Structure formats: structure tokens, C-alpha cells
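The residues making up each chain are set out below.
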Amino acid sequence: MPYAALQAIRPSQPFAPSGDALPRAARSFALAALLVAAPAATPSAAAARSDAPGPTLAVEDTMRTEVPEVLVRAPRVTLDEILDRVARGEARRDSLLRDVAFTATLRVVRDPDGAKGPQLVEERVSRVYRKKPGKVRTVNLRTWRLKASKRMDADVSFSSGTEEEIVNFAFRPEARKDFKYRIVGRDLLGDHLIYRIAFEPRSLLGATEPGGLVWVDTRDFVIVRQELDISRSPAPLFIKGIDRVVIERQEVNGHWVLRRLLMRARFTVPVPRFGRALDLAVQFDDYAINRGIDDAIFAKAARP
Amino acid sequence: MTHVVRRPLVRPCVPLAARHALLALAITAAALTVAPRDAGAQEHAPPDSSLHRFLDTLADSTDRYFGLIAAPLDTAGLDSALAAGLARPWHGPRTRLRPRLGPVYAFNRVDGTLWGGSVAWSPRNARWRVGGDVGYAAGSDAWLGGGELALGVRRRETMWSLRVTGGRRTMLMNRDHGERRLASARALLTGSDRQNYLRRDGITVAVGASAADWRAAIEYRDRLESPLAVTTRWNLTRSALAAGDNLAASPGRARELAFAGDLRLAGLPFHAQLNHQVSDEAIGSDFDYRRARLALGGEIVAGGRVSLVPQLVYGRLAGDPVPQAAFFLGGSRTLKSLRSDSLGGTAIAVARLELIGVDDLLALARIPHPAMVPIQGGAFAAIGAVWGADPFGGPGTPTGGWPERSAWMSEVGLSLLYRPGMPDEDAYLRVNLAWPVGLHDGRARWSVSYSRALDMLRRL
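Protein chains in written order, with our numbering: chain G, 1 to 304; chain S, 1 to 460.
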């Protein structure tokens with residue numbers, strides 16, 4: 001990974017799914033094209049895949065459904081109230097986590113749509129243990145590189161925090177002044193009401209914050225999925241653009257936690273080892289939450 | 001495989017509630033027909049959850065987009081690797097104390113060529129940074145450099161910092177603004193650097209705090225300040241120096257207490273910034289002055305394509321009118337139609353309104369160009385004045401709270417802006433064309449600068 005790009009995605013604090021203030025450079029690099037992402041994120045886009053072979057879902061286009069009108073007298077929840085609840089929901093989500101262990105997989109793939117096809121450049125698997133307050137340990141399980149390199153080293157370090165700021169940076173109370181929000185849609189899924197909320201930075205100057213789209217489950221008011229969009233490259237000199245960034249969460253034992261971060265970036269010039277584009281992903285598996293991690297895990301051995 | 005038909009199930013005639021129900025049905029059906037995801041993902045999703053099926057559907061779409069990188073993890077051997085990893089002694093998070101080394105190069109008319117190197121330690125995850133640099137200035141025949149220690153700690157939402165710096169350096173006379181790299185390039189290529197310099201030997205200790213909407217810092221400075229003479233008159237194009245001399249600083253020991261604050265105004269897209277410095281015999285200083293500078297700046301977005309950037313500065317110097325504490329007018333960060341720091345005084349007032357477009361002008365004009373050079377356009381109008389004692393030795397003008405009418409100078413102009421994204425991700429490389437208007441007449445002036453859009457606000 002180019003050093004400059006690494007600097008961009010690696011915050012001064014760890015490039016962690018959670019932790020302290022996530023620098024804007026990290027967010028900036030975590031760009032995605034919302035216009036590309038949004039259709040793919042709705043069921044309607046699945047129609048575009050209808051040329052794939054396999055079973056076909058039959059369409060009943062003669063059926064009509066009529067339901068009587070219901071006059072709703074209760075006031076509709078305002079956007080501000082939703083944003084307040086999301087901030088509280090995210091804070092509550094974090095407060096319920098005492099300790100977390102998970103397996104994190106970092107992957108880098110070069111030239112994802114190049115003529116030679118995508119090629120895995122690096123894979124790093126780690127087991128991460130976090131325990132409040134302030135304890136963290138990362139155990140490296142596997143490191144694989146296409147070519148050994150000392151300088152080009154994509155690394156992920158994890159902080160002890162479980163806030164997952166990379167998911168909720170735009171919905172933290174202190175960030176409300178920096179973004180504009182709008183409700184894009186409401187989806188009823190079983191007994192879950194999902195709000196789709198788009199956000200965009202208020203400022204147009206400099207390397208702006210990313211915009212994006214989040215899916216909020218109103219049962220817990222937590223963000224269950226996010227797609228980021230920065231239509232302007234954070235560093236136009238070297239980064240042509242970020243096509244797409246997807247951040248997924250999963251529910252594990254009643255807790256919403258990170259599942260994957262995926263990003264595709266393009267460079268203005270071919271970069272050694274990575275070509276003109278790369279995919280970067282961090283995948284989170286095998287969670288163990290609030291199982292009471294033994295403090296011995298974090299005990300440091302005496303240096304010889 | 002999924003074949004979902006989007007429109008037939010969501011007819012416009014269907015009431016909203018039913019539409020949502022049908023949409024949910026369609027999504028559920030789609031999710032059911034999707035090929036099973038990896039075992040790890042399925043394990044956590046309750047089988048009867050519409051939400052999880054919905055999310056899995058979106059995840060499948062993501063998988064197809066990203067392809068190889070989204071493949072499930074091969075878990076073979078991980079258990080044994082974990083057991084072995086946990087059995088090994090652990091000495092804490094990796095800190096990597098490898099220093100970062102780099103070259104140092106600068107060029108100006110008082111030091112000539114400065115060659116040197118820098119070293120810095122800033123371990124990942126650490127809250128401290130140590131660094132230093134040293135170089136030899138061939139023109140002034142002096143070794144220059146210094147060191148820095150910075151510590152930071154977060155307490156709740158506030159970041160506290162301590163910074164200690166010291167050394168012997170050539171610094172800019174204009175303490176409000178200045179260019180380093182671009183000025184070096186100008187001086188080396190054409191000798192057109194007009195900034196004035198002085199030598200400072202000493203230390204600065206600063207304590208700061210910052211949060212989302214405010215920053216504050218207090219500094220103590222103890223520095224021996226001395227004037228510098230021009231030692232180097234050559235440049236690569238063999239041009240005559242644009243400024244053949246260097247404004248002499250008043251020599252002496254300057255001990256200062258400095259306060260700085262930056263506040264985001266509640267409910268407004270503006271920042272207010274105050275910088276106040278006190279130098280007094282009571283703290284052992286050879287100088288006695290109080291210098292205050294108030295700046296206000298912000299951004300108003302119009303139509304999502306244009307930023308309106310108003311900025312105001314007002315500053316006063318009371319006490320000894322030493323040149324190194326004076327205010328300077330002229331240059332890219334005050335009035336672009338004037339040469340850099342061409343006027344000085346013990347008070348300053350500047351107002352500028354700038355319009356910056358977000359769109360790439362070349363793309364709008366359908367001119368083929370590389371993606372790495374998006375060019376933005378801007379227009380500006382500014383007015384400013386300095387008054388009071390003249391640091392250049394002129395007769396000066398009356399000192400007071402407001403300048404005489406004749407002291408005001410105004411301008412209008414156009415800019416082309418390019419943001420390379422580095423070394424400062426927010427800074428623009430600008431080419432400006434400014435026309436003086438009103439009482440201050442003269443010719444249009446071209447200038448090149450590198451600064452943030454809100455360039456009258458200092459970085460604390």
C-alpha cells in the first residue's frame with residue numbers, strides 16, 4: 001500500500017473500528033460513491049441482476065391490496081428527535097459492552113477490475129481482545145503477503161474503545177453542526193422499522209468530511225449499515241477517487257457490532273504493488289461479547 | 001440466485017402501508033432465494049429476523065461488487081495459532097520506536113542555503129512526540145535548529161496538550177502569517193521572497209486544550225531576538241532581489257505570555273479567534289508591549305456548489321512598537337494586490353469576502369484534463385489598512401482605534417484554486433489576480449500562494 005495512502009487511512013490514533021477521535025483523513029479516505037451505493041442498497045437494484053441464471057421469482061401483477069385509511073393523530077417523530085435517539089442509541093450500545101473479543105481480517109487486493117483480474121496482496125488475521133477500561137491485546141494469527149516488503153506494510157492496530165466511531169462519527173452530538181441530514185426512506189421489515197438517513201458535510205472547503213447513508217433500526221436506534229460517499233478525492237494528486245465504502249454491522253447476542261469495512265480506491269497513477277486501484281477490507285468474525293475476559297490475557301510479561 | 005422485480009409489487013395505487021408490507025415481502029422473498037452466506041455470518045442471524053435477512057441481502061450485493069476481497073475467511077489453523085500466540089509472552093502493544101529521518105532544506109536571503117536533517121519519534125498509539133532538526137546555513141555561517149517535545153492526553157471530550165520547543169532559528173518577522181516552502185522556492189528561483197526575518201534563540205512552553213467547538217492555549221516564551229542582515233543575493237535565474245534588505249528587528253530578550261482562543265460561535269458557521277501577547281519588564285523582558293489580534297471567519301454554503309467565505313481581522317499593538325510585534329499588510333493572506341508585508345503598523349484591520357466554487361472548472365468547460373488536477377474558481381473583494389508607528393521607519397500615522405480614511409486600501413480579484421491534498425489536506429495552491437480599486441490605485445498583480453480557505457484564522 002502506498003505510504004501516502006496508508007497515512008490517509010491510518011489515523012494518528014489507531015485505524016480501529018472504534019477508539020478515540022477518528023481523524024478526518026481516515027474518514028476522508030473511507031469514501032464511497034453514494035449514487036453507486038444507494039441503488040445497490042435497495043431491493044430495487046436487485047432487478048438489475050435479473051440476467052443471472054437460476055430460479056426466477058414469479059410476479060403477481062393482478063393482485064390488489066386495499067386497506068382502510070387510518071387517521072394518525074400522533075405527531076410524526078422529527079428528524080432532530082431521530083438524530084437525538086440515534087446518538088443515545090449508539091451511546092447505549094457502547095455502554096452495554098464490557099469486553100469484546102473478535103477475529104479481525106485485513107485484506108488488500110490490487111487491481112480489482114484490472115485486465116489481469118483482482119489479486120490478493122496481503123491478508124492479516126488477528127484475534128483482538130478488548131476490555132473496559134482501556135485494555136486491549138491483539139494476537140497475530142496469520143500474516144500472508146504476496147511479496148515480502150518492509151516499507152509497504154498495511155497495518156491495523158486496535159484501540160481499547162468500543163464506540164465504533166467509524167460508524168457513528170456523523171451522528172455524535174458534537175458532529176451535528178458539521179452535517180446536514182435528511183430522511184431518505186422508511187422500510188418496514190417484519191416488526192422492525194428501518195430509517196434510511198442520508199448525511200452530507202455542511203462545508204465545501206478543503207478535504208470535506210464524507211457524506212453517506214445509514215440504515216437505522218428504530219428498535220434500538222443503532223446504525224446497522226452505512227455507505228460512505230465523498231465525491232471529492234481527499235488527495236486528488238494521487239487518489240483519483242473512492243468508488244465505494246461499505247460498513248456493515250451485525251447483531252451478536254443482542255449487541256450490534258462491526259461486521260465488515262470495505263473500500264475501493266483508485267489512483268491517478270499506477271502505484272507499485274497496487275496498480276491503479278485497490279480494495280481494502282477489514283472483516284470481523286467470531287465475536288465473544290461480555291464473556292468476562294480474564295485479566296491475565298492483558299498481563300504483560302516482564303522484559304528480559 | 002435472486003430475481004427480484006421491483007415495480008410490479010409496489011404499484012402507485014397501493015396505499016402506503018400496504019406498499020411497505022409488500023416491499024418487506026419482496027425483500028424477504030429475495031433474501032430467501034439468495035444463495036447462503038458464509039457460515040459465520042449465518043450463525044449470528046436469528047432465522048426468523050426480517051431485518052437480518054434484509055441486511056444479508058445488502059451484504060450479498062456488496063459481496064458481488066467487491067468480489068475477491070469479500071470472500072469468507074479460511075479459518076484453518078487459526079485455533080492453533082491463537083493458542084500459540086497466547087502462550088507466548090506479551091510485552092504490550094507494539095510501539096515501534098523506529099525514528100523517522102528526513103532532510104531539511106531552506107533558502108532565503110538572510111541565511112542562504114540551509115542544509116540539514118531531522119529526526120522524530122512518534123510511536124503509533126503513543127501520546128507523545130519528540131523531534132528535532134539541525135542544519136547549517138551557508139550564508140549566515142550558522143548552525144540552526146531545535147527540538148520539540150509534545151505530550152497529549154484526552155480527558156472526556158477535551159484533549160490536553162503540552163508542547164516544549166527550543167532552539168536557534170530564523171523566523172518570520174510577521175508573526176501572523178508566513179510561507180516557508182513557497183517562500184524558499186521563490187527565493188531560490190527568482191529572488192522574489194519579500195518576507196522579513198529575525199533570529200530567535202530560546203524556548204517556548206505551551207499548554208493547550210481543545211474540544212469540538214473550542215481551543216485554548218497559553219504559552220510562555222523566553223527568546224533572545226536579534227536582527228539579521230542579507231547575506232545571499234544569488235538565485236537560479238540571476239535576478240535582482242525583490243527585497244534587497246531585511247527589516248531589522250529590535251535586539252533584546254523577549255519574554256512573553258501569550259493567550260490564544262478559538263471558539264465556534266453557537267448557531268453560526270463562524271469561528272472567532274483571539275490572540276493576545278504580553279511582554280513586560282515585570283517578567284524580565286527587554287520589551288514592554290501588549291499585542292492583540294481578533295479574527296472572525298466562516299463559511300456560508302450557497303446552493304451546494306459555492307462557498308461564501310467572509311473573514312475579518314482587527315489587531316492592535318500598544319507599548320513599544322518593535323518591528324517583530326508589528327502588523328503587516330500585503331500578500332496573499334491580507335491584500336493580494338500589495339506585495340507581501342509591504343506596509344506595516346501598530347494596528348491593522350482587514351475584511352475579505354471570497355466566493356469559492358466547488359466544481360472543477362475544466363470539467364465544466366469540457367476541457368480534457370487529468371483527474372489529478374481539478375481546478376476550482378474563486379473571486380474575492382477585500383479592504384484593509386494598517387496605521388500607527390511604521391516599522392519600516394516611515395513617519396507613521398496617528399495611533400488610534402480606527403485608521404484615517406486615506407489609509408484604507410481595497411481590491412477585487414479572481415483565483416484559480418487547486419487542492420493537492422498534501423501536505424495539508426485542506427490547503428489550496430492558488431493563482432490570484434488582484435486589481436486595486438478606489439483610493440489605492442495601481443496595476444493588477446499576479447500572485448501564487450498556498451493556504452487554507454480560512455487563511456486569516458491562525459492554526460492554534
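Honestly, the hints are just simulated from the structure, not real lab data.
In this text the structure is predicted, and so the values were computed from the model without any measurement.
Beta carbons are placed, not taken as given, at the ideal position from N, Cα and C, and that holds for glycine.
Check each hint, because a few of them may be wrong.
Unchecked claim - Stretches of chain S that chain G covers, calculated by requiring three or more beta carbons in the stretch to come under 8 Å of a beta carbon on chain G: (1) 282-296; (2) 359-373.
To be verified - One-sided and incomplete, this derived list gives chain S residues near chain G with beta-carbon spacing under 10 Å: (3) Leu-68; (4) Thr-75; (5) Ser-184; (6) Leu-188; (7) Gly-208; (8) Ala-211; (9) Pro-227; (10) Ala-229; (11) Thr-231; (12) Val-306; (13) Ser-307; (14) Val-309; (15) Pro-310; (16) Met-422; (17) Asp-424.
Hint by hint, where does the structure go against what was stated? Just the numbers, ascending. Hint check: 1, 5, 6, 7, 9, 10, 11 and 15 fail, others pass.
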